[in-house]
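Using the sequences and the hints given, assemble the complete structure.
The numbering of the sequence shown is our numbering, which starts it at 1 and goes up by one.
Quick list of in silico lysine to any residue cross-link-like pairs, SDA-like style, CA-CA up to 20 Å: (1) K31 x R104; (2) K31 x Y43; (3) K31 x G21; (4) K73 x L63; (5) K31 x I42; (6) K31 x H108; (7) K73 x M1; (8) K31 x L103; (9) K31 x I102; (10) K73 x V61; (11) K73 x W2; (12) K73 x I58; (13) K73 x Q3; (14) K31 x L19; (15) K73 x L5; (16) K73 x T84; (17) K73 x I6; (18) K31 x V105; (19) K73 x Q7; (20) K31 x T41; (21) K73 x R10; (22) K31 x V45; (23) K31 x L99; (24) K31 x D109; (25) K73 x S62; (26) K73 x L85; (27) K31 x A106; (28) K73 x E4; (29) K73 x E8.
By construction, these hints were calculated from the structure, which means they are not laboratory data.
A quick note: this is a predicted structure, and the numbers were derived from the prediction, not measured.
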Amino acid sequence: MWQELIQEVRVAQMGVQILFGFLLTVVFTEKYDDLTDTDQTIYLVTVVLGACATGALIGPVSLHRLVSGRRVKPQAVRLASRLTLLGLVLLLATTTASLLLILRVATHDGFVPYLVAGVVGWYLLCWFALPLWTRHRHTSK
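Here's what the structure looks like:
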């Protein structure tokens with residue numbers, strides 16, 4: 001289970017690190033000063049969420065490195081799995097806030113929250129609902 005978990009974490013890590021790296025550059029652009037106070041607040045929240053997601057998704061790697069050989073693999077797998085799930089929730093929040101900010105700046109339209117809600121619904125379906133349904137439907141009790 002440990003090897004599968006680490007492979008899953010690698011995929012999520014790459015996504016969050018690319019997103020977080022992009023977010024870090026925004027504040028240094030000329031356009032940042034033109035953002036409204038609300039948009040700057042959304043940006044700051046997004047950066048903090050991205051930092052937290054990065055920490056949670058890198059946590060399992062650090063955990064593995066620090067406890068390797070200590071005969072605590074079952075406990076480490078459970079903790080790493082929880083960190084990964086937390087990281088995915090934080091990645092969902094980061095992606096949502098990023099999308100909200102980008103669409104607010106790009107369109108200034110009232111439909112933005114509805115569009116973002118639709119995308120979040122899609123993420124929830126793909127990342128959580130379908131896997132939980134599959135687990136419930138196809139695992140023995």
